[in-house]
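Required output: the full structure, derived from the provided sequences and hints.
In order, the protein sequence lines correspond to chains V and A.
Be aware that the first sequence starts at 1, since it is given in our numbering, and climbs by one per residue.
Be aware that the second sequence starts at 1, since it is given in our numbering, and climbs by one per residue.
Wrong hints could be hidden among the right ones.
[Claimed, not checked] Simulated pairs of lysine-lysine, DSSO-like, Cα-Cα distance not exceeding 30 angstroms:
(1) V/Lys55 x A/Lys544
(2) A/Lys82 x V/Lys44
(3) V/Lys55 x A/Lys216
(4) A/Lys730 x V/Lys235
(5) A/Lys98 x V/Lys55
(6) A/Lys98 x V/Lys44
(7) A/Lys574 x V/Lys55
(8) A/Lys243 x V/Lys55
(9) A/Lys412 x V/Lys172
(10) A/Lys143 x A/Lys98
(11) A/Lys216 x A/Lys577
(12) V/Lys53 x A/Lys294
(13) A/Lys294 x V/Lys44
(14) A/Lys574 x V/Lys53
(15) A/Lys577 x V/Lys62
(16) A/Lys730 x V/Lys230
(17) V/Lys44 x A/Lys544
(18) V/Lys62 x A/Lys294
Think of the hints as simulated: they come from the structure by calculation, not from any bench.
What you are looking at is a predicted structure, and each value in this text was computed from that prediction instead of being measured.
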Amino acid sequence: MIAYVIRRILYAIPILLGVNVITFVLFFVVNSPDDMARLHLGTKHVTPAAIEKWKSERGYDKPLLWNTAREGADRLTDTIFYRNTVRLFLFDFGQSDSGRDIGYDISQRMWPSLAITLPVFLVGLLLTISFALAIAFFRGTYIDTWAVVLCVAMMSISGLFYIIGGQYLIGKLLRLVPISGFESGLVAAKFVILPVIVGVVGGLGHGTRWYRTIFLEEINRDYVRTARAKGLAEKAVLYGHVLRNAMIPILTGVVVVLPTLFLGSLITEAFFGIPGLGSYTIEAIQSQDFAIVRAMVFLGSVLYIVGLILTDISYTLVDPRVRLD
Amino acid sequence: MTARPHATTRDAPSRRPSSCSWSCPAAAFLAVVTLLVAGCSDEPWNSPYPSSDRDRAIHYDSFSERPKHLDPVSSYSENEAKFNGQIYEPVVQYHFLKRPYQLVPLTAGHLPEPVYYDAAGAELPDDAPREQVAEAVYRITLKPGILYQPHAAFARREDGSYRYHDLGPADLEERATLADFPEQGTRELVAADYVYQIKRLVHPRLHSPIAGLMSKYIKGLGEFGERLRAAEAGNRGYIDLRKYEFPGARVIDEHTYEIRITEKYPQFRFWLAMSFFAPVPWEADVFYAQPGMKERNISLDWYPVGTGPYMLTENNPNRRMVLERNPNFRGEPYPAEGMPGDAEAGLLADAGREMPFIDVAYYSLEKEPIPEWSKFLQGYYDVSSVLADSFDQAIQFNAQGEAQLTETMADKGIELITAVTASISYMGFNMLDPVIGGDSERARLLRRAISIAVDYEELISIFANGRGVPAQGPIPPGIFGHVEGADGINPYVYEWRNGRAVRRSLAEARELMRDAGYPDGRDATTGEQLTLYFETVSAGPGSKSLLNWYRKQFEKLGIQLVIRATDYNRFQEKVRKGTAQIFGWGWNADYPDPENFLFLLYGPNGKAEFHGENAVNYANARFDELFVQMRSMADGPARQALIDEMVAILRRDAPWLWGFHPTAYTLFHSWYGNAKPNLMARNTLKYKTIDPRLRATLRQRWNQPVVWPIVLLVVALGVSGIPAWRTYRKRQQAAVR
Numbered sequence: 001m002i003a004y005v006i007r008r009i010l011y012a013i014p015i016l017l018g019v020n021v022i023t024f025v026l027f028f029v030v031n032s033p034d035d036m037a038r039l040h041l042g043t044k045h046v047t048p049a050a051i052e053k054w055k056s057e058r059g060y061d062k063p064l065l066w067n068t069a070r071e072g073a074d075r076l077t078d079t080i081f082y083r084n085t086v087r088l089f090l091f092d093f094g095q096s097d098s099g100r101d102i103g104y105d106i107s108q109r110m111w112p113s114l115a116i117t118l119p120v121f122l123v124g125l126l127l128t129i130s131f132a133l134a135i136a137f138f139r140g141t142y143i144d145t146w147a148v149v150l151c152v153a154m155m156s157i158s159g160l161f162y163i164i165g166g167q168y169l170i171g172k173l174l175r176l177v178p179i180s181g182f183e184s185g186l187v188a189a190k191f192v193i194l195p196v197i198v199g200v201v202g203g204l205g206h207g208t209r210w211y212r213t214i215f216l217e218e219i220n221r222d223y224v225r226t227a228r229a230k231g232l233a234e235k236a237v238l239y240g241h242v243l244r245n246a247m248i249p250i251l252t253g254v255v256v257v258l259p260t261l262f263l264g265s266l267i268t269e270a271f272f273g274i275p276g277l278g279s280y281t282i283e284a285i286q287s288q289d290f291a292i293v294r295a296m297v298f299l300g301s302v303l304y305i306v307g308l309i310l311t312d313i314s315y316t317l318v319d320p321r322v323r324l325d
Numbered sequence: 001m002t003a004r005p006h007a008t009t010r011d012a013p014s015r016r017p018s019s020c021s022w023s024c025p026a027a028a029f030l031a032v033v034t035l036l037v038a039g040c041s042d043e044p045w046n047s048p049y050p051s052s053d054r055d056r057a058i059h060y061d062s063f064s065e066r067p068k069h070l071d072p073v074s075s076y077s078e079n080e081a082k083f084n085g086q087i088y089e090p091v092v093q094y095h096f097l098k099r100p101y102q103l104v105p106l107t108a109g110h111l112p113e114p115v116y117y118d119a120a121g122a123e124l125p126d127d128a129p130r131e132q133v134a135e136a137v138y139r140i141t142l143k144p145g146i147l148y149q150p151h152a153a154f155a156r157r158e159d160g161s162y163r164y165h166d167l168g169p170a171d172l173e174e175r176a177t178l179a180d181f182p183e184q185g186t187r188e189l190v191a192a193d194y195v196y197q198i199k200r201l202v203h204p205r206l207h208s209p210i211a212g213l214m215s216k217y218i219k220g221l222g223e224f225g226e227r228l229r230a231a232e233a234g235n236r237g238y239i240d241l242r243k244y245e246f247p248g249a250r251v252i253d254e255h256t257y258e259i260r261i262t263e264k265y266p267q268f269r270f271w272l273a274m275s276f277f278a279p280v281p282w283e284a285d286v287f288y289a290q291p292g293m294k295e296r297n298i299s300l301d302w303y304p305v306g307t308g309p310y311m312l313t314e315n316n317p318n319r320r321m322v323l324e325r326n327p328n329f330r331g332e333p334y335p336a337e338g339m340p341g342d343a344e345a346g347l348l349a350d351a352g353r354e355m356p357f358i359d360v361a362y363y364s365l366e367k368e369p370i371p372e373w374s375k376f377l378q379g380y381y382d383v384s385s386v387l388a389d390s391f392d393q394a395i396q397f398n399a400q401g402e403a404q405l406t407e408t409m410a411d412k413g414i415e416l417i418t419a420v421t422a423s424i425s426y427m428g429f430n431m432l433d434p435v436i437g438g439d440s441e442r443a444r445l446l447r448r449a450i451s452i453a454v455d456y457e458e459l460i461s462i463f464a465n466g467r468g469v470p471a472q473g474p475i476p477p478g479i480f481g482h483v484e485g486a487d488g489i490n491p492y493v494y495e496w497r498n499g500r501a502v503r504r505s506l507a508e509a510r511e512l513m514r515d516a517g518y519p520d521g522r523d524a525t526t527g528e529q530l531t532l533y534f535e536t537v538s539a540g541p542g543s544k545s546l547l548n549w550y551r552k553q554f555e556k557l558g559i560q561l562v563i564r565a566t567d568y569n570r571f572q573e574k575v576r577k578g579t580a581q582i583f584g585w586g587w588n589a590d591y592p593d594p595e596n597f598l599f600l601l602y603g604p605n606g607k608a609e610f611h612g613e614n615a616v617n618y619a620n621a622r623f624d625e626l627f628v629q630m631r632s633m634a635d636g637p638a639r640q641a642l643i644d645e646m647v648a649i650l651r652r653d654a655p656w657l658w659g660f661h662p663t664a665y666t667l668f669h670s671w672y673g674n675a676k677p678n679l680m681a682r683n684t685l686k687y688k689t690i691d692p693r694l695r696a697t698l699r700q701r702w703n704q705p706v707v708w709p710i711v712l713l714v715v716a717l718g719v720s721g722i723p724a725w726r727t728y729r730k731r732q733q734a735a736v737r
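Below is the structure:
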């Protein structure tokens with residue numbers, strides 16, 4: 001398995017390089033270094049000399065990908081792309097275009113993100129699997145029919161609606177929790193509960209319907225019929241056999257998102273005033289801070305690859321037949 | 001002076017967060033904890049603030065965008081001035097109550113007045129013509145005894161050496177924020193601090209947006225910048241600006257300094273009121289320039305050091321910024337004079353009392369307007385602007401067309417203040433364009449026809465909820481040079497009827513089109529329909545109705561308007577290069593002087609050729625000549641006469657479609673006092689008062705939790721589970737058939 005993991009990590013290098021190139025090209029197609037300088041320096045009284053100075057200090061005065069003014073390897077290395085990319089692979093995110101230490105900011109902002117995404121993930125998973133099993137139990141009845149209708153309705157509603165609706169209903173009309181804001185420590189619970197409820201409810205329809213499909217597929221298998229024929233109670237059949245055998249598809253969707261929980265949610269964080277990594281990324285895009293955008297895309301890619309590797313490893317844990325060679 | 005800390009500047013949590021923070025299974029107990037937290041507190045359940053703050057004079061406000069710069073040399077935005085204005089003290093400030101805006105001393109002992117000299121060094125009278133003036137000298141004397149806020153940069157050891165000026169890598173290992181430097185000190189404000197800051201404008205590693213502009217005026221500043229760059233090339237550490245002298249700013253004695261300007265430029269006094277000319281102590285620069293500080297985000301851009309009534313004690317712009325009373329602040333009396341009506345409005349009730357009145361100001365990050373508005377209505381913010389989405393909920397217009405609060409707002413005791421801003425939103429015609437631009441009579445008539453057809457009264461009514469005043473020229477109301485009434489209208493677009501300005505008829509506009517050679521919008525020679533191009537920043541579906549409206553305005557004249565929506569960068573590039581034909585643009589005043597608006601049309605400020613602020617690249621020899629004269633004159637009839645002539649030229653040439661001056665609407669609660677709008681001053685927090693008891697009472701009344709729907713939901717879920725349970729039992733007990 002170790003050889004497999006090492007191989008996967010090596011595969012990740014060209015993928016990350018590709019992601020970097022694409023991010024780089026897309027960013028600089030839309031924003032030139034001059035645009036970035038103007039956005040940072042403001043719109044009033046900005047002189048061409050000030051723009052050149054800003055670019056020079058941050059290395060944005062160099063060619064993007066290929067430096068024809070240089071010789072040999074310097075043609076490649078004395079470019080904006082090379083200077084910014086190599087450090088990333090050492091997880092040195094450097095400084096943002098406004099001069100902040102990106103690594104420090106990430107280490108600070110991932111905790112508020114986790115404060116939302118982790119409870120949403122855990123509570124949501126628990127509820128959706130429980131509901132899906134219950135609906136699978138009542139398959140073919142009116143309960144199943146109405147549950148599916150409800151799930152389809154819930155998954156058809158925009159996530160933004162849940163956020164605004166949740167803030168309006170729970171925060172404004174019922175006045176049970178603050179509408180937005182964040183604090184650290186235990187007091188955070190008061191601020192986190194509304195985004196968590198909204199996150200869980202918003203994902204309930206889609207998740208329940210997805211797991212219901214998985215469970216129904218398993219329920220019709222021969223081993224389930226055999227278990228019933230043995231006289232096992234339906235509860236034992238569902239939890240003891242169906243759930244365990246449905247773990248592979250469940251893990252496929254679940255483990256891969258685990259590492260990306262650190263990255264937070266873009267919209268939720270903006271609406272609830274959560275100082276997490278989701279809003280960090282949005283702010284960076286709005287302020288054309290390439291250093292942060294590049295770091296966050298790189299981090300997202302790394303975490304996604306880690307998630308995929310963890311998924312593969314988890315298969316071996318739930319299904320002894322799977323071997324990673 | 002060295003003192004133990006009164007307060008420390010906190011940052012985001014520690015650099016190395018504890019491993020438990022959020023990954024513990026605490027999430028499972030969130031609901032329980034919330035109920036406990038809420039249940040144990042006197043505050044309403046939905047209060048975002050601790051109950052211990054309930055009876056304190058705390059001001060609650062919000063901000064939507066993180067301030068980019070708090071270093072006064074770089075800071076230029078409104079959202080930065082909100083904080084810096086309370087921390088840094090320039091030598092002069094705007095009077096809080098008097099209008100038109102006037103400067104009064106802040107740290108200066110008297111209002112700085114320039115003394116003019118000719119080329120031979122002889123003193124000239126105040127009204128000397130600008131051609132004779134070779135130098136203007138501002139000699140400024142500071143009030144003695146002004147102290148800086150407590151700060152680590154001033155902390156000293158017993159032997160008098162600075163405690164934190166020689167830190168090595170080991171000393172910084174466990175320090176992540178300014179709060180990790182426990183010892184603090186202070187010292188008296190001296191003239192050298194102001195001179196030091198003027199030198200910082202051209203510091204090789206700092207970016208001051210006004211460096212280029214000021215190099216034109218302050219004697220030798222540009223050369224000084226070059227000298228610094230050459231002398232300090234390769235130096236990445238502290239640059240001791242005290243070692244370098246330059247003729248434009250020099251210290252006379254401990255409390256006196258002078259600034260030398262290379263021409264007669266009376267507007268310079270307004271620049272002195274901005275944070276660019278606030279004092280920066282050299283100790284702060286030494287402290288922040290030490291190796292390892294920047295890597296830890298400890299910089300003047302993050303932790304300002306000032307003498308003002310407040311100091312920034314928490315800087316976490318991702319969540320909250322906190323200003324607390326500066327314990328070393330000398331105190332300042334509330335103004336005793338105001339405008340007629342101020343006394344009746346209670347704005348002079350605090351006359352002579354020592355400011356500031358508020359102890360702490362919390363600014364919370366609110367990225368979205370909906371939660372911000374809801375929290376204002378719940379009493380958790382003291383003030384709010386009026387959002388487009390909630391305008392109808394807050395404002396209604398009476399029969400006279402005046403804005404007033406809706407009954408719901410009035411019942412809550414909320415109050416409204418409005419003020420026409422010192423800004424303009426206009427449509428620019430690129431004067432370099434061969435069709436719409438230029439000095440030909442044909443293009444001029446075309447621009448005038450469009451000026452009549454585009455009905456800005458309608459635009460203000462539909463798209464700005466009535467929040468604006470149609471512009472008659474570039475100078476907004478409240479700024480010297482603006483003329484009200486019949487004499488102040490743009491005669492090419494309006495006529496004066498029944499005591500008010502009425503837009504000229506479309507028939508007149510069509511006639512102008514015919515005279516211009518475009519009858520019914522078609523070129524008289526080719527017969528082709530006139531097509532014009534409007535450049536705009538794409539703002540998504542929300543802007544579609546406005547863009548359609550523009551199209552329809554041009555259609556009135558038979559002109560086809562093609563909308564070219566693009567991203568902000570491309571839009572700016574087109575304007576910069578002079579390739580945009582028609583575009584929307586705006587300007588907010590830096591200071592209350594007509595020069596700050598008329599310079600936007602001064603030929604040598606053309607954007608395409610000279611990288612200036614004249615976005616339409618307008619050039620008129622007579623206008624430019626008058627501008628140069630007007631710029632150096634004192635306010636008075638002679639200056640007004642020049643301005644009138646300049647505005648008449650602009651109205652005739654119509655390089656802008658004058659657009660409108662937006663009106664700011666601000667709502668505030670009944671517990672918030674001295675809320676008079678001052679569009680120029682940025683240091684207004686010290687004048688404000690709070691009645692915390694009234695606020696606590698009203699908050700409690702407005703935020704009683706409503707629990708019954710939750711109980712009902714639980715019961716409904718329980719009841720709906722009964723048939724499911726019965727089905728389950730039935731299925732479990734069913735026999736195999």
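Hint check:
1. V/Lys55 x A/Lys544: 36 angstroms, violated
2. A/Lys82 x V/Lys44: 18 angstroms, holds
3. V/Lys55 x A/Lys216: OK: lysine 55 of chain V and lysine 216 of chain A at ~23 angstroms, within 30 angstroms.
4. A/Lys730 x V/Lys235: 14 angstroms, holds
5. A/Lys98 x V/Lys55: Given pair lysine 98 of chain A, lysine 55 of chain V is violated - Cα atoms ~44 angstroms apart, limit 30 angstroms.
6. A/Lys98 x V/Lys44: 28 angstroms, holds
7. A/Lys574 x V/Lys55: With a Cα-Cα distance of about 21 angstroms, the restraint between lysine 574 of chain A and lysine 55 of chain V holds, given a limit of 30 angstroms.
8. A/Lys243 x V/Lys55: 28 angstroms, holds
9. A/Lys412 x V/Lys172: 16 angstroms, holds
10. A/Lys143 x A/Lys98: 23 angstroms, holds
11. A/Lys216 x A/Lys577: Since the Cα atoms of lysine 216 of chain A and lysine 577 of chain A sit roughly 24 angstroms apart, the hinted pair holds (cutoff 30 angstroms).
12. V/Lys53 x A/Lys294: With a Cα-Cα distance of about 19 angstroms, the restraint between lysine 53 of chain V and lysine 294 of chain A holds, given a limit of 30 angstroms.
13. A/Lys294 x V/Lys44: Holds - the C-alpha atoms of lysine 44 of chain V and lysine 294 of chain A are around 27 angstroms apart, at most 30 angstroms.
14. A/Lys574 x V/Lys53: Holds - the C-alpha atoms of lysine 53 of chain V and lysine 574 of chain A are around 23 angstroms apart, at most 30 angstroms.
15. A/Lys577 x V/Lys62: Roughly 23 angstroms separates the two Cα atoms, so the pair holds.
16. A/Lys730 x V/Lys230: 20 angstroms, holds
17. V/Lys44 x A/Lys544: 28 angstroms, holds
18. V/Lys62 x A/Lys294: 24 angstroms, holds
When held up to the earlier numbered hints, the structure conflicts with 1, 5 and fits the remainder.
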